[in-house]
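The primary structure of each chain is shown beneath.
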Amino acid sequence: MAGMVQASHTLDVATRGKGFIEITRELADWVESVAGRDGLLTVFICHTSASLTIQENADPNVRRDLADALDLLAPEDRPYAHQEEGPDDMPSHIKSMLTTVSLSIPIKDGKMTLGAWQGVYLIEHRASPHQRKVALSFIGHSAGA
Amino acid sequence: MAGMVQASHTLDVATRGKGFIEITRELADWVESVAGRDGLLTVFICHTSASLTIQENADPNVRRDLADALDLLAPEDRPYAHQEEGPDDMPSHIKSMLTTVSLSIPIKDGKMTLGAWQGVYLIEHRASPHQRKVALSFIGHSAGA
Amino acid sequence: MAGMVQASHTLDVATRGKGFIEITRELADWVESVAGRDGLLTVFICHTSASLTIQENADPNVRRDLADALDLLAPEDRPYAHQEEGPDDMPSHIKSMLTTVSLSIPIKDGKMTLGAWQGVYLIEHRASPHQRKVALSFIGHSAGA
Numbered sequence: 001m002a003g004m005v006q007a008s009h010t011l012d013v014a015t016r017g018k019g020f021i022e023i024t025r026e027l028a029d030w031v032e033s034v035a036g037r038d039g040l041l042t043v044f045i046c047h048t049s050a051s052l053t054i055q056e057n058a059d060p061n062v063r064r065d066l067a068d069a070l071d072l073l074a075p076e077d078r079p080y081a082h083q084e085e086g087p088d089d090m091p092s093h094i095k096s097m098l099t100t101v102s103l104s105i106p107i108k109d110g111k112m113t114l115g116a117w118q119g120v121y122l123i124e125h126r127a128s129p130h131q132r133k134v135a136l137s138f139i140g141h142s143a144g145a
Numbered sequence: 001m002a003g004m005v006q007a008s009h010t011l012d013v014a015t016r017g018k019g020f021i022e023i024t025r026e027l028a029d030w031v032e033s034v035a036g037r038d039g040l041l042t043v044f045i046c047h048t049s050a051s052l053t054i055q056e057n058a059d060p061n062v063r064r065d066l067a068d069a070l071d072l073l074a075p076e077d078r079p080y081a082h083q084e085e086g087p088d089d090m091p092s093h094i095k096s097m098l099t100t101v102s103l104s105i106p107i108k109d110g111k112m113t114l115g116a117w118q119g120v121y122l123i124e125h126r127a128s129p130h131q132r133k134v135a136l137s138f139i140g141h142s143a144g145a
Numbered sequence: 001m002a003g004m005v006q007a008s009h010t011l012d013v014a015t016r017g018k019g020f021i022e023i024t025r026e027l028a029d030w031v032e033s034v035a036g037r038d039g040l041l042t043v044f045i046c047h048t049s050a051s052l053t054i055q056e057n058a059d060p061n062v063r064r065d066l067a068d069a070l071d072l073l074a075p076e077d078r079p080y081a082h083q084e085e086g087p088d089d090m091p092s093h094i095k096s097m098l099t100t101v102s103l104s105i106p107i108k109d110g111k112m113t114l115g116a117w118q119g120v121y122l123i124e125h126r127a128s129p130h131q132r133k134v135a136l137s138f139i140g141h142s143a144g145a
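Chains as they are written, first to last, in my numbering: chain A, 1 to 145; chain B, 1 to 145; chain C, 1 to 145.
Don't take every hint at face value.
No copy labels: a pair is met if it fits in one copy or bridges any two.
Said to hold, decoys possible - Straight-line distance between alpha carbons at most 20 Å, and here's what the computed DMTMM-like set of lysine to aspartate or glutamate pairs gives: (1) Lys108 - Asp12; (2) Lys18 - Glu84; (3) Lys18 - Asp29; (4) Lys18 - Asp88; (5) Lys111 - Asp29; (6) Lys18 - Asp109; (7) Lys18 - Asp38; (8) Lys18 - Glu76; (9) Lys133 - Asp38; (10) Lys133 - Asp109; (11) Lys18 - Asp68.
Derived from the structure by calculation, the hints contain no laboratory data.
Please build the complete structure, drawing on both the sequences and the hints.
Shown next, in the form of structure tokens:
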């Protein structure tokens, strides 16, 4: 009978400017590396101009349409008060607010309880490449404990 | 002095096309069934065209206005690249991205710490009825442990 | 070797009408007060017309632009069905749905894993001052356990 364990990690993700980067595999690999069996994985992005979402991992057009939708909701050509960091910065903050910085995913039998078509994505909202940090937490039962 | 426990479950929710379905009672019943006392309930929907929200549970007009607001933010009559699954599919993905797939609710004395007017809702974004899966996780102290 | 602990608390936040109120310090103080070392902090707002976000804590213009963006996404001058609680109420529910009611933040070495520019904010969406309740949960290892 295993007790409860807690593990944490920081994932480094290099982005290439605006776009969706799938991190599902990296999350699954980390859960496996800590022998997480049943519990909760939390994914937290340590930035305010990039964010997280869980979306369809099949047709790449879905991500293209999602990016277009975010551009319409937070256009660059609005007279923002915050202009110092470039025209893509304030829209990035709005997009971050409308999506999410934290996701909590139950872990069952060592696997994320994702649906068949769900992939976990980091969304880079800035125009230029960035190094992004994603904090991971697992709490639950471990096969090794 | 009870130790920490972890429990998980899958809730099946049948939807009848676009609309808000309250699942507050089902969540409360499950927390009670695992004798959860103090800890954290996580609710995760395993889909990308349905999502979760916590909203006012009193006036049904609130949900009607929320649905209208989502329709305005993700209209069906936009020239989406992703068209294969019908005109309601891509708006569903956008609405899912703008609301949430995971909710974490503290549990205190066996009850969710919901405010008086808060209900937990599954939002079906597709036009036709679907069978939806919601993964639940409780971590914390149990009355039975 | 410390075991896992669970702690909970309710934070009372007085708002002064529409605006962003930073609660980062209050969260950090509470985690310190329960000697939380490594684990997960969950922040849950018990209301449907105020919400949470993590955003840039440097230039105050960012919050001004975020508030303007929310006003554009949920304007007061739309013919909402739900009108009884004033013209600012239904927009508040929409803004709450588009931001979030729950945030989960990993705790590492006693500190939230926030990025350098991340602050945690309660967003009051109503025009008049309110008393808001925020439920906190910590699960993880404690220095005192």
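Hints, one by one, checked against the model:
1. Lys108 - Asp12: So Lys108 and Asp12 pass the 20 Å test across copies only (16 Å; inside, 25 Å).
2. Lys18 - Glu84: within (19 Å within a copy, 25 Å between copies)
3. Lys18 - Asp29: neither (25 Å within a copy, 36 Å between copies)
4. Lys18 - Asp88: Intra 10 Å, inter 26 Å, cutoff 20 Å: intra-copy only.
5. Lys111 - Asp29: Cα proximity of Lys111 and Asp29: one copy only (10 Å, versus 25 Å across).
6. Lys18 - Asp109: The answer is neither: 35 Å in one copy and 33 Å across copies each exceed 20 Å.
7. Lys18 - Asp38: Answer is neither: 35 Å inside a copy and 33 Å across each miss the 20 Å cutoff.
8. Lys18 - Glu76: within (13 Å within a copy, 25 Å between copies)
9. Lys133 - Asp38: Answer is between: at 18 Å across copies they meet the 20 Å cutoff, but 25 Å inside does not.
10. Lys133 - Asp109: between (27 Å within a copy, 17 Å between copies)
11. Lys18 - Asp68: Classified as within: same-chain Cα gap 11 Å, cross-chain 23 Å, threshold 20 Å.
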